[in-house]
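The residues making up each chain are set out below.
There are 2 protein chains.
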Amino acid sequence: AGDVKAGRTKAAQCQACHGLDGMSKLPEAPNLAGQTEEYLVKALNDFRSGARQNEMMTMMAKGLSDADIANLAAYYHSLGKQ
Amino acid sequence: AGDVKAGRTKAAQCQACHGLDGMSKLPEAPNLAGQTEEYLVKALNDFRSGARQNEMMTMMAKGLSDADIANLAAYYHSLGKQ
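Residue numbers (the numbering used here), protein chains in the order written: chain A, 42 to 123; chain B, 42 to 123.
A couple of the hints might just be wrong.
Unchecked claim - Each computed DSSO-like pair below joins lysine-lysine, with the alpha-carbon atoms no more than 27 Å apart:
{"hint": "1", "chain 1": "B", "residue 1": "Lys103", "chain 2": "B", "residue 2": "Lys51"}
{"hint": "2", "chain 1": "B", "residue 1": "Lys83", "chain 2": "A", "residue 2": "Lys66"}
{"hint": "3", "chain 1": "A", "residue 1": "Lys51", "chain 2": "A", "residue 2": "Lys83"}
{"hint": "4", "chain 1": "A", "residue 1": "Lys103", "chain 2": "A", "residue 2": "Lys66"}
{"hint": "5", "chain 1": "A", "residue 1": "Lys83", "chain 2": "B", "residue 2": "Lys46"}
{"hint": "6", "chain 1": "B", "residue 1": "Lys103", "chain 2": "B", "residue 2": "Lys66"}
{"hint": "7", "chain 1": "B", "residue 1": "Lys83", "chain 2": "A", "residue 2": "Lys103"}
{"hint": "8", "chain 1": "A", "residue 1": "Lys66", "chain 2": "A", "residue 2": "Lys51"}
{"hint": "9", "chain 1": "A", "residue 1": "Lys66", "chain 2": "A", "residue 2": "Lys83"}
{"hint": "10", "chain 1": "A", "residue 1": "Lys66", "chain 2": "A", "residue 2": "Lys46"}
{"hint": "11", "chain 1": "A", "residue 1": "Lys83", "chain 2": "B", "residue 2": "Lys103"}
{"hint": "12", "chain 1": "A", "residue 1": "Lys51", "chain 2": "A", "residue 2": "Lys103"}
{"hint": "13", "chain 1": "B", "residue 1": "Lys66", "chain 2": "B", "residue 2": "Lys83"}
{"hint": "14", "chain 1": "B", "residue 1": "Lys83", "chain 2": "B", "residue 2": "Lys46"}
{"hint": "15", "chain 1": "B", "residue 1": "Lys83", "chain 2": "A", "residue 2": "Lys83"}
Stated by the list, open to error - Partial pick of chain A residues on the chain B-facing surface, computed with a CB cut under 8 Å:
{"hint": "16", "residue": "Ser65"}
{"hint": "17", "residue": "Pro68"}
{"hint": "18", "residue": "Gly75"}
{"hint": "19", "residue": "Gln76"}
{"hint": "20", "residue": "Gly91"}
{"hint": "21", "residue": "Gln94"}
Just so you know, the hints here were simulated from the structure itself, not pulled from any lab data.
If you're wondering where the values come from, they're calculated on a predicted model, not measured in any experiment.
All C-beta atoms in this analysis are idealised placements derived from N, C-alpha and C, irrespective of residue type, glycine included.
Using the sequences and the hints, build the whole thing.
This is the structure in structure tokens:
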């Protein structure tokens, strides 16, 4: 499982759309707070690999390592209960 | 915007994985409660069109009309705050 603190640091680059608290800042961006960790890992892996396509997320995911993805998923999952 | 009551009825087919309350029943299924409506509509449209691939969701989305999608998005969005 990922590291929540490292995920929080990495999440600086996600907050414009998803919020540092995991609550969406724009209608097309999903809330992430409390999301299941496995789903978040799959989503980021799929954006990075191209299996899932989205202009913004494809770009953002390209720079993520496996550890970054695990940490981000742990962080957003940790944010309260949905 | 969709009809919440019609969405609740239609959501009977979603609840085994996503819960009738929008809280995931299995780790690979995301929570949907309170999710942004626009994101939910896009997700279902993308599964239906094949732009987004997932064995289960591709199958489930195939049978949905535009109205079903709008109603389901309205219903899951209406479920409390995440």
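Evaluation of the provided hints:
no.: 1; hint: B:Lys103 to B:Lys51; in the structure: holds (14 Å)
no.: 2; hint: B:Lys83 to A:Lys66; in the structure: holds (17 Å)
no.: 3; hint: A:Lys51 to A:Lys83; in the structure: holds (17 Å)
no.: 4; hint: A:Lys103 to A:Lys66; in the structure: holds (22 Å)
no.: 5; hint: A:Lys83 to B:Lys46; in the structure: violated (31 Å)
no.: 6; hint: B:Lys103 to B:Lys66; in the structure: holds (22 Å)
no.: 7; hint: B:Lys83 to A:Lys103; in the structure: holds (22 Å)
no.: 8; hint: A:Lys66 to A:Lys51; in the structure: holds (18 Å)
no.: 9; hint: A:Lys66 to A:Lys83; in the structure: holds (22 Å)
no.: 10; hint: A:Lys66 to A:Lys46; in the structure: holds (22 Å)
no.: 11; hint: A:Lys83 to B:Lys103; in the structure: holds (22 Å)
no.: 12; hint: A:Lys51 to A:Lys103; in the structure: holds (14 Å)
no.: 13; hint: B:Lys66 to B:Lys83; in the structure: holds (22 Å)
no.: 14; hint: B:Lys83 to B:Lys46; in the structure: holds (20 Å)
no.: 15; hint: B:Lys83 to A:Lys83; in the structure: holds (18 Å)
no.: 16; hint: Ser65; in the structure: holds (5 Å)
no.: 17; hint: Pro68; in the structure: holds (4 Å)
no.: 18; hint: Gly75; in the structure: holds (6 Å)
no.: 19; hint: Gln76; in the structure: holds (6 Å)
no.: 20; hint: Gly91; in the structure: violated (11 Å)
no.: 21; hint: Gln94; in the structure: holds (7 Å)
Of the hints listed earlier, those the structure fails to meet are numbers 5 and 20, in rising order.
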